[in-house]
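Participant: What follows is the residue order along each chain.
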Amino acid sequence: MGKGGSNIGPPTELLPPMSKVQVRVPTPLRAFTGGAPVTEAEGATVGEVLRGLVRTHRTLEKHLYGPGGELRNFITVYLNDEDVRHLRREETPVRPGDVLSIVPAIAGGAPAEAARTAGRPAPLVRVAAGEEELGPPLTQDQLRRYSRHLLLPEVGVTGQRRLRGSKVLLVGAGGLGSPAALYLAAAGVGEIGLVDFDKVEASNLQRQVMYGTKDIGRPKLEAARDRLTDLNPDVTVRTYDHHLSSDNALDILRPYDVILDGTDNFPTRYLVNDASVILGKPNVYGSIYRFEGQASVFDARRGPCYRCLYPEPPPPGLVPSCAEGGVLGVLPGLVGTIQATEAVKLLLGIGEPLIGRLLLFDALSMRFRELKLRKNPDCVVCGTHPTQHGLIDYPAFCGIGPEVDNANRVPEISPEALAARLAAEDPPLLVDVRNPSEWEIVHIPGATLIPLADLPQRVTELARAREVVLYCHLGGRSAQGTKLLLELGFTHVSSLTGGIEAWAQKVDPSMAHY
Amino acid sequence: MRVRLSERLAGEIRRHGEISYPEECCGFLVAKEEPSSEDGTRRIVRVAPMENRVEGARGRRFVILPDDLRRFEDSLDGTDEVLVGFYHSHPDHPALPSRFDQEHAWPWYTYIVLAVDHGKAGELGAFELGAEDRRFSPVPWAIERGNPPAR
Chain A
529 MGKGGSNIGP
539 PTELLPPMSK
549 VQVRVPTPLR
559 AFTGGAPVTE
569 AEGATVGEVL
579 RGLVRTHRTL
589 EKHLYGPGGE
599 LRNFITVYLN
609 DEDVRHLRRE
619 ETPVRPGDVL
629 SIVPAIAGGA
639 PAEAARTAGR
649 PAPLVRVAAG
659 EEELGPPLTQ
669 DQLRRYSRHL
679 LLPEVGVTGQ
689 RRLRGSKVLL
699 VGAGGLGSPA
709 ALYLAAAGVG
719 EIGLVDFDKV
729 EASNLQRQVM
739 YGTKDIGRPK
749 LEAARDRLTD
759 LNPDVTVRTY
769 DHHLSSDNAL
779 DILRPYDVIL
789 DGTDNFPTRY
799 LVNDASVILG
809 KPNVYGSIYR
819 FEGQASVFDA
829 RRGPCYRCLY
839 PEPPPPGLVP
849 SCAEGGVLGV
859 LPGLVGTIQA
869 TEAVKLLLGI
879 GEPLIGRLLL
889 FDALSMRFRE
899 LKLRKNPDCV
909 VCGTHPTQHG
919 LIDYPAFCGI
929 GPEVDNANRV
939 PEISPEALAA
949 RLAAEDPPLL
959 VDVRNPSEWE
969 IVHIPGATLI
979 PLADLPQRVT
989 ELARAREVVL
999 YCHLGGRSAQ
1009 GTKLLLELGF
1019 THVSSLTGGI
1029 EAWAQKVDPS
1039 MAHY
Chain B
1194 MRVRLSERLA
1204 GEIRRHGEIS
1214 YPEECCGFLV
1224 AKEEPSSEDG
1234 TRRIVRVAPM
1244 ENRVEGARGR
1254 RFVILPDDLR
1264 RFEDSLDGTD
1274 EVLVGFYHSH
1284 PDHPALPSRF
1294 DQEHAWPWYT
1304 YIVLAVDHGK
1314 AGELGAFELG
1324 AEDRRFSPVP
1334 WAIERGNPPA
1344 R
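Chains as they are written, first to last, in our numbering: chain A, 529 to 1042; chain B, 1194 to 1344.
Honestly, the hints are just simulated from the structure, not real lab data.
Fair warning: there could be bad hints in the mix.
[Said to hold, decoys possible] Each computed DSS-like pair below joins lysine-lysine, with the alpha-carbon atoms no more than 30 Å apart:
| no. | chain 1 | residue 1 | chain 2 | residue 2 |
| --- | --- | --- | --- | --- |
| 1 | B | K1313 | A | K873 |
| 2 | B | K1225 | A | K590 |
| 3 | A | K727 | A | K742 |
| 4 | A | K548 | A | K590 |
| 5 | A | K695 | A | K903 |
| 6 | A | K695 | A | K742 |
[To be verified] Here are some, though not all, of the chain A residues that point toward chain B, as calculated from beta-carbon distances under 7 Å:
| no. | residue |
| --- | --- |
| 7 | T604 |
| 8 | V631 |
| 9 | P632 |
| 10 | A635 |
| 11 | G636 |
| 12 | P964 |
Glycine included, every Cβ here is placed at the ideal spot set by N, Cα and C.
Take these sequences, add in the hints, and give me the full structure.
Facilitator: Encoded structure:
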């Protein structure tokens, strides 16, 4: 028994005999077997022969076997002329001279979801279509007022009636909300909701063009209502004189077709994002800082959300607000009108929305750049297996409020100290734990990208380093990664204080901010 | 890898897509054994329509059974022709590989996808799967005028 018995493994007496068989390899896999259409392998069963084959040709493995070690389900194995599924599958015994054929099943097809859309994307917001939904015909006054819209075939009378029947909520009536609200009202959007609780201050007037000098000291909502109804008496202005919070956000957002995020703080931005995801509404995002602006349309039904882009907020105090860092007054005018443009397109169901794209604008160089955004499958609100289904405590999430307890503190290294260590003879291994899309924007030279989610599987790559330094955008994720490595027994590991943002400020001012 | 296809063969794929609408069509792409030119261009010399063997949902799925594939490859044994890929149609969907396509695809082969919009053949796209990352990337391809070259 066991003429081909090997000296590895259990006594061969217990096993069926080893046989040398021919294996026919399909053309695409021949590159991995030295080009030969037929190769030889040994084993007692079909499964053993295949395992033997991939032992000799390692690169074949991932094409034949799935991640769990099972034979891929779109591979069929024939023993001579029989599909082994009709025999004893991988347990099927083989005899010398048998021929095993690996045959791919070829399959494919269109995606199941959102299928029938060739060239004609379905509208992202409910677009009024029937006569009744569109409301009464336009009046003589409205025909005159909107004549430049009516001349555009993409808008026309029907489009204008659609705008009249639609509702946009602006969260924040400041730098971004001002131009957006003015243009949306001028365009004839039927209902505009405004959430804000501030009073007009003199320092607002440099950019918040909805208000005038006579409004200083008045509540913004009151001044905004006057201005917008003067601009267009057709528009219904609804005002919400509150902090948007987890308690009221869903109720406030629910009646609106499109949400326009003009907030200046992270807790509200995450709140607006999460509420929009939960309600399935497009969130037209804009933000500004000094001379730079960003805009995108987040619609979790069709693309990424804000959390896919920024899974975690920066530690409080790290990113200066416009109040601290300043802002060129025209800049929110540009970004706010981009937001208004996107909102109008969504309401009309025309053009190509800014979904899955982040528009970056630099006023000093007068350049627009566009980054492709991908939906993060691990996103806690809109990923494949979301773990957060409702609204949370956003100030706490953003680290504003009760002190962070000391138990979560991890060793940190300052940007200056890291710069010195990297220049030394025995530099630490520098690991970037951000997402690949962030890495593409900017990264520290010499670093290795291992996204935080992959760190547990790829920890062996770090094993030989004497010292490891992790960094992320602002320091939150690298702290989590450092904690993980400490738990796994690493001793010389630390997190870059303030992330790449602090590095850009302290060490390399030429670096891009995002 | 580049792919070249004659206008006549592209027409055959389009017609197959149109007559199969609203179901998906599928078939084989055949080339000569040697690379057709020095830059490794793959010149398709023949397409072979196959039956879509999906049970049910043929509007958005196709399957070529291993047995059909094996028989077709056997028929090429001893000739200078090789099976180099597959084509299929996407009824009312763009000519881009779907996630399902990617999960079931093989490296080395050329995949041609045809969009059929309301029964009318639209764009063609050619793709291949990366052997390392198992991701599709578009392949430069061109339609040649006239008939496929005889050899």
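Participant: Out of the numbered hints, which ones does the structure contradict?
Facilitator: Violated: hint 12 alone.
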